[in-house]
Each structure stands twice: as structure tokens, then as C-alpha cells.
Amino acid sequence: MNKSIVIVLISCCLFLKVNAQIDPSLLKIQPKDTVKNALNMDAVYNRPFIGVNKMPVSLGGYVEANWQHLGTDGVSDGHQFQFRRLTLFVASTIGKRIKFLSEIEFEPAEKEIGIEFAAVDVEFHPLLNLRGGMILNPIGAFNQNHDGPKWEFTDRPISATQMLPATWSNVGFGLYGKTYSKNWMFGYEFYLSSGFDNSIIDNNENKTFLPAAKQNSARFEETASGTPLFTGKIAARNNKIGEIGLSYMGGIYNKWQDDGIVIDDKRRLDVFAVDFNTTIPKANTYITAEWAWVNVQVPSTYTQQYGNKQQGGFIDIVQPIIKRTILGWKDAVINIALRAEYVDWNVGKFNVTLTNIGEDIWSIMPALSFRPTSQTVFRLNYKYQQQKDILGNPPSKTGGFSFGISTYF
Amino acid sequence: MKTKFLIVLYIIFAVALSQSCSKFEPVAPDEGEILDGPVEGLSFDQNRQFLAGDVAFNDEIFTSQTGLGSVFVATSCGSCHAGDGKGTPFTTLTRFGQIDTTGNQFLHLGGPQLQNRALPGFTPEQLPQGATFSKFTPPANTGLGFLELVSDADILAMADPTDANGDGISGVPNYNYLPSFIQPFTSAIPQGGKYIHRFGKKASAYNLLHQTVNAYNQDIGITSTFNPKDVYSGNNIDPEISDQTIHNVVFYLQTLKVPIQRNSNDAEVIKGKNLFTQIQCSSCHTPMLKTGVSNIAPLSNKIFFPYTDLLLHDMGSGLDDGYTEGSAMTYEWRTPPLWGLGLSPKSQGGEYFLMHDGRAKSIEEAIQLHSGEALQSKNNFNQLSQENKNALIKFLKSL
Chain A
1 MNKSIVIVLI SCCLFLKVNA QIDPSLLKIQ PKDTVKNALN MDAVYNRPFI GVNKMPVSLG
61 GYVEANWQHL GTDGVSDGHQ FQFRRLTLFV ASTIGKRIKF LSEIEFEPAE KEIGIEFAAV
121 DVEFHPLLNL RGGMILNPIG AFNQNHDGPK WEFTDRPISA TQMLPATWSN VGFGLYGKTY
181 SKNWMFGYEF YLSSGFDNSI IDNNENKTFL PAAKQNSARF EETASGTPLF TGKIAARNNK
241 IGEIGLSYMG GIYNKWQDDG IVIDDKRRLD VFAVDFNTTI PKANTYITAE WAWVNVQVPS
301 TYTQQYGNKQ QGGFIDIVQP IIKRTILGWK DAVINIALRA EYVDWNVGKF NVTLTNIGED
361 IWSIMPALSF RPTSQTVFRL NYKYQQQKDI LGNPPSKTGG FSFGISTYF
Chain B
410 MKTKFLIVLY IIFAVALSQS CSKFEPVAPD EGEILDGPVE GLSFDQNRQF LAGDVAFNDE
470 IFTSQTGLGS VFVATSCGSC HAGDGKGTPF TTLTRFGQID TTGNQFLHLG GPQLQNRALP
530 GFTPEQLPQG ATFSKFTPPA NTGLGFLELV SDADILAMAD PTDANGDGIS GVPNYNYLPS
590 FIQPFTSAIP QGGKYIHRFG KKASAYNLLH QTVNAYNQDI GITSTFNPKD VYSGNNIDPE
650 ISDQTIHNVV FYLQTLKVPI QRNSNDAEVI KGKNLFTQIQ CSSCHTPMLK TGVSNIAPLS
710 NKIFFPYTDL LLHDMGSGLD DGYTEGSAMT YEWRTPPLWG LGLSPKSQGG EYFLMHDGRA
770 KSIEEAIQLH SGEALQSKNN FNQLSQENKN ALIKFLKSL
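Sequence lines, in order, name chains A and B. Residue numbers for the first sequence follow the numbering used here, so the first one is 1 and each next one is one higher. Residue numbers for the second sequence follow the numbering used here, so the first one is 410 and each next one is one higher.
Keep in mind that the hints were calculated from the coordinates and are not lab data. Ideal placement from N, C-alpha and C gives every residue a C-beta, glycine not left out. Accuracy of the hints is not assured; some may be wrong.
[What the hints assert, rightly or not] Reference listing, derived: stretches of chain A covered by chain B, where coverage requires no fewer than 3 residues with Cβ under 8 angstroms from a Cβ of chain B:
{"no.": "1", "stretch": "201-213"}
{"no.": "2", "stretch": "299-310"}
[Unchecked claim] In silico negatives: residues of chain A with every beta carbon more than 12 angstroms from chain B:
{"no.": "3", "residue": "ALA91"}
{"no.": "4", "residue": "PRO281"}
{"no.": "5", "residue": "LYS282"}
{"no.": "6", "residue": "LEU368"}
Working from the sequences, and respecting the hints, build out all of it.
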């Protein structure tokens, strides 16, 4: 870990040094794809990059910081200032139809530097591209499209980060492609990658928790089950209707043999997700939603504390209310927005009582955001959420304000 | 101009907001509605130890990495004692293998407790052929520090083994030998080397240290220096939890506040309270007890209202599961404290699961299951007018 910190710091210094010698007028922001011909799968490249004249490398990144004041059942955490993350992108065109992009994330609170994405893409045909390296598994839409400045809320969706494990990246290889015709666009992606391990049903959260597998950085070297995790997604977009994506991720997750000796049964994990986004014409209301179902094989001799079914999702509705020059920013936008979300981490009934297993949460979050440019957002959120324990006892209630800034640079 | 105005308004709003944030946050439930929280009057360092114990009890989830199992019943104290309240059939545990005072005959087959769950790849225990068993639903954990400080002399004063007063109610303590890691209280009154035990459904745990060490070991499969025996292999292994953590948890249990009675001035509640004594419920569910001296000031020499005598009573054949512990008989159960009774559904998933195994789904049903020494009292209850019955139940729910 320490070694990687040093390497990253050195490369940052080099980058700064290079940067310092560059006349800023040489830097130009490369236009990103217009949303019209992009799918969620394009999100990794669909970001603002700064290119230096003729240099084959372009750079970018984003930062997220916020203040929050939340309380649960009358106990307030007081004022909290949080630096969520700083992410750097480096993209380069290596040769004809070969490109590389990496995304490195610093999360100071987690003392973590993570390579979220670092993959080489080779294009044989628009319908056939090969990608290999550290990839973002295309399950749902959020995992690939998680950049802070794209969202009107300081918190990432609960279902995407606390049920699905965004940001979930793995070492893997796969194929993807895209095709257009008139108003339609279709895309597909398939990957085989490293994956989960037994921690998803044996963790400090006391519930089936896919993100627990992220703690295990050994997965970048050794896949616990010795079998690949398959992730696949198909998406279709109609410029008038919107984009819909269907995705699946699954495989054997546990270490069932060690040194050639069988130590456990093989157990599977299967995840299905649907995502949708659209912009309602005229009103310009932007809607994005995602729902996922998780199935995990859990031995019947284990405890129902760890459930075998989960489901959850979110919907964001963003309504621009003012779009004009504000304080000299041309086309600045003020939005009102609302997120509603729900997760049930343990779908099913207790064997002993045949009553419903709790362990669920719902939350609503109205927001007011100000975008001086499309790449920078100031957002004020109010959150209200109710969470039930496994027994379904009266929920704990959390609420409060947060204010944050997130911007590409 | 308009935008400037808007921005100024926004800033004023933001500043005002940051000054009054807590007003927009969910309010605390009424103090009487929740069980957790420390007794009043702890010093700063005692509050810190309480918090450390709180974290260990409620938040420390054991995993295979930190010693869980390999066979176990649950993964943390808090999983069974949600919000420090009573548990449900899901968190109920099974004990087996002892039918009389000669001790447990099934220790070699995994007794006394059935670890009915196992880590993936391991096999949980099965009830051995021929073993009788009982199911125990978790009790609430509040006010236990007060119960721990009731002197043996006070407990003996409530006992009436020969029913000298002829009310049909006797009541005996559970006497047993102490495990080597337990220091007896200075006020202890032993008999032939055996000491009065008081915690648990059969009053088979001596004090909160005893209960805590056993819980880690038997419920979660966590060994300690106090009890280094691994439930799965039967071998002594390295401690999986520090002595300090155990002391913190014991301190937490000792200093959890007592449940606060609600509506105590309501006329119907007062009427119910009087009926409770009139129909002899209070002969076992002793309303008032007192603590002895303690070096935790808020616990020292205090009067409190738990509604228990900490004694064992013959409850009749209906509640006789054919399993027992210590010197208790299979038909004998320790009077459970009734404080916090009305809050039970808040930790039992909205329902009542009363009596030792949660078989009673309401307070009325619990009363109807009383028999043996409590037969007369139950009959008295059944002869009450509906109005009086309602008053009594209302009183019980206010506890």
C-alpha cells in the first residue's frame, strides 16, 4: 500500500512539474461526446479532458467535498466537513484504434488510493472492441457512471453503494460494441473478471453485503473461487424515449478449494439490474432510475442474519428551473431535484416465525443545485431516511442537511 | 438585480440553516420509550467505559476472521439483545442435557448449549438422541447492575422454601459452585461451598461477568482468558477477545439505566398496580428491591422497582420442559423482572414473545400459563372483572 502511495505521489509531482511549464493557453478542454450519442457505457470516456497541444495524453479528474449536519433519533453528529474523494483521469491514444484510460481515486477518510479503472481498449470495429485491465463491471448504470459532478446529491445512491458494490472494479477482459440507426442506438458489453469472496456473507455489517468484497485487494491478484465473474449488459437508447439497460453479473463467489483440496461447496451469486434514463422534452426534466435484485446462495446451516435475496434501487428527478447568465456564467442552471431510494438487504421470512425479515431502508432527498457550468455543481440536500433492523423493530430515523461541491477539473 | 437578491437570500438562508440544523433532524423518542442509555451520574471516565462497552456489545460483529464459531448461535450480543430489549424466536437459543441437580450428562455431546448454526463449510450441532431441552428467548438487559447488587441476605429474606406463611408460594435460590474466574461478592452467603446465582431463566449465572463470559463462549463461539475452551473442537485455544473488552461489556451491562415507567399517574394504572398486589402477583414479582454498596456511585444503596424476587418457583407441569440448570428443578423458573414489559414489542419486531421460550403472544396469555405456585394468583386474575383485568394489563404495559 505504502509503496503505491509513493508511486502515485511521485507521478503527481511529475504531472505538476510538467504542468507548471505549460502555458495554460495551450491547454484546451476537449469537447466530450454530446449526450445524444452516448450510452451509460460510454461514461468512462465521456468526461471533460484537458489535452495539451499535440501531446497524446489528456488529463482530467474531479473532486467532491461537503459539509453535513445529520442526526439520528435525536442524536446529532453536529457539523461534519468531509472530503469525499479526489479522482484523476489520464487518457491516451496509444496508436491507431488503441486507447488507454485510467482513473485513480483518493479517499482520504478511507486512507485509500484505488485504481478504479485502468484499461486498454482496442477497436476492431465499432461493434467489436476489446477491453482489458482494471475494468468497471457494468452492473446497473451507476457503477460506470459514478462521477460526482454528474449528480445533484452529495451522497451516492444507497442501493448502488451499500447493496451493489459501486465503485466495483476488477481485473478482467471483455468485449463491447455499439451501433446506431437513426434515433436508435444499441450497445453491449461482456466481461470476465475477478470477483467476490466469502466476506459477502461474513462481515462486520452483519448482513449479506456485496461491498465487503472490496476490502479484499487480493482479488486483483487471486480470485477466491478460481472461477471468473461474468458481467454482461445490453442497452438501447432512443433519442425520443430514453435509454434502458439490462445487466447481469454472476458466478461462484466463495473459496471452495485450497491447494487442490475441496473445503466447501461452490456457492453462486447472481445479480440482475435494470436502469433507465430520459429527458422529458420541453420541460427538460431529467429522470434516471435503477433497480437491482441480488441472489446469493447461503448455506442453510448458516444464519438468516445473512440473507439470500436483496433488492433495491433509486430514482432521481432533476428539474432545471432557471437557465441563464448568472453572475457572469453563461447558461448557468439552477435545478430542483428529488431522489427516492429503497433497499431491502434481506428479502424473505424467518424460518422460525414465518414473519417478514426487516433489514431495510428508505430515504427521500430533496435538493437544490446550482451549476455555473455543466461541469461544476453546488448542491444543497435535505435527507430523511428510516432504517429498520432485522427484526423489523421501530425504525431509526435520520435526517438533516448537506451542502457540497463537486467539479471536474 | 434579482439574482443578487436571490444570492443574498440564499446566503442568509444557509447561515440560518447552519445555526439551527438540529431542528431539522428527527427528534429523540421519549426517554421512557427506549431501553438503552446509561444511568445518570456517571463520571466522564465511566461514561467512556460505558461507550466502549456499548460498542463491543452492539457494534462488534464477529466474523470467521475474528473468531466467530466455528459453531455459534449468533454473531454479536446486539443481534440477540436488540436495543437491549427482549429477543424473538429467531434469537432464541436451545439448552439441553440436564434433568436434575446431578449436573449436565451431555457435556461430551456439546451440552449445555446447542450451537445450531455454523460457518459455511462446518456442520452445526444436532440435538443428541435422548437429550431433553429447553428454548430460551433473550431477556432485556436493562437495570441488571442494580439486580447484581441485591444482597444475598435480601434474596434469602424473600425465600420461603417450606412455605412457612402458607400462601402456596415458596421460592428458592439457585445454589451452584462458582467457576474459577469468579470472585464471590463480600456479602455472599454460601452454603456448603455453593453460592446463590441470580441471572438467566434458571438463575444459573452468578453475576454479569459470569453471564458475559458464557455468552461470548456459548452464543458466539468466542474464547477468552476466562473461558478458553473452543465450543467446536473442545480444545483450549488462544483468547479471541481481550479481558478489557469483557470488562467494558460488564460495565456497560451494570450501568444501563433501569426502564422508566410511563403513565405512572394514570388512575387506571394506579388501580392496576393495587390489583397486582391484591391478587398476589407481587408475591413473586416483588416490586421493590435495594442495592448494597457499590463503587459505581449511581448504583450504590439505591431503591429500585424490578418486579422480581430473583428466586426460583415451581411453575407447574405446563412449563416443565424436562431441562434444568444448577440446583433448579425442571419445573422451576426464576421470576423474570417485569420492568420494561410494555416496551417488549419494540424489540420483538412489534409482537410479544413472553415466558422463557417466547410461547406467550400477549400478557394475558403469559398469565394463563402460570401454574404451580402461581396457580392461586392466576385464578385470582381470572376472577377479576373485565374492567379490573384491563386495569392490571394497563399497569403491566406501563412498566
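12 angstroms Cβ clearance of ALA91(A) from chain B: holds (37 angstroms)
No chain B beta carbon within 12 angstroms of LYS282(A)'s: Check passes; 24 angstroms lies beyond 12 angstroms.
Status of the stated non-contact between PRO281(A) and chain B (beta carbon gap over 12 angstroms): holds (27 angstroms)
Distal placement of LEU368(A) relative to chain B, Cβ over 12 angstroms: The claim is violated: LEU368(A) sits with its nearest Cβ about 9 angstroms from chain B, within 12 angstroms.
8 angstroms C-beta criterion, at least three residues: is the stretch 201-213 of chain A covered by chain B: holds (count 6)
Claimed coverage, the stretch 299-310 of chain A by chain B - three or more beta carbons nearer than 8 angstroms: Contact hint for the stretch 299-310 of chain A vs chain B: holds, 6 residues under 8 angstroms.
Of the numbered hints stated above, the single one contradicted by the structure is hint 6.
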